[in-house]
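Trainee: Okay, so the sequence shown: first residue is 255 according to the numbering used here, each after it adds one.
Derived lysine-lysine pairs resembling BS3-like cross-links, with alpha carbons at most 27 Å apart: (1) LYS358 - LYS348; (2) LYS356 - LYS370; (3) LYS358 - LYS370; (4) LYS348 - LYS338; (5) LYS290 - LYS358; (6) LYS290 - LYS356.
Listed next, with one range per pair, are the computed distances between beta-carbon atoms: (7) ASN308 - TRP361: 39 to 49 Å; (8) THR299 - GLY266: 20 to 30 Å; (9) ASN308 - GLY288: 12 to 22 Å; (10) THR298 - LYS370: 36 to 46 Å; (11) PHE351 - THR298: 18 to 28 Å; (12) LEU354 - ALA325: 36 to 46 Å; (13) SER343 - TYR261: 13 to 23 Å; (14) LYS370 - PRO295: 39 to 49 Å; (15) PRO365 - SER323: 44 to 54 Å; (16) GLY362 - PRO268: 14 to 24 Å; (17) GLY353 - GLN328: 42 to 52 Å.
Don't read these hints as lab results, they were simulated from the structure.
Where is the CB? At the ideal position from N, CA and C, for every residue including glycine.
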Amino acid sequence: PTGSTAYNLSAGGPLLEPSLPVVAITPICPHSLGAKPLVLPSDTTITLTSDPRNMADLVCAADGEAMCSLAPGQSLTVCPAKQKLHILSFASRKESFYGLIKRKLAWGSNPRSLPKTDN
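Hey, can you work out the whole structure from these sequences and the hints?
Mentor: Next comes the structure, spelled out in structure tokens:
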């Protein structure tokens, strides 16, 4: 879940500890109150199928870029890559994930003691 925390959280998704081998699926602006985020093991294969009753193609996007279109009744399968991505980590960063979240989200702070911002 590296790099997804701010965007996922702002879309109503969960906070994910970076070392967990999971993937989050978070609906963005869903039309249904029943559409909730899912947290799945990172080795999960997911198949999405466009409703055959759709009147138009669906556009599939990843990271804000249009990737493909799905015709009514067509499916798209997403599976884990065989290669792993190695990410550079700076040793000077000593703050834990939980400390970082606590500081950035002001968890455990008295709202009256937070610095005032000009709005």
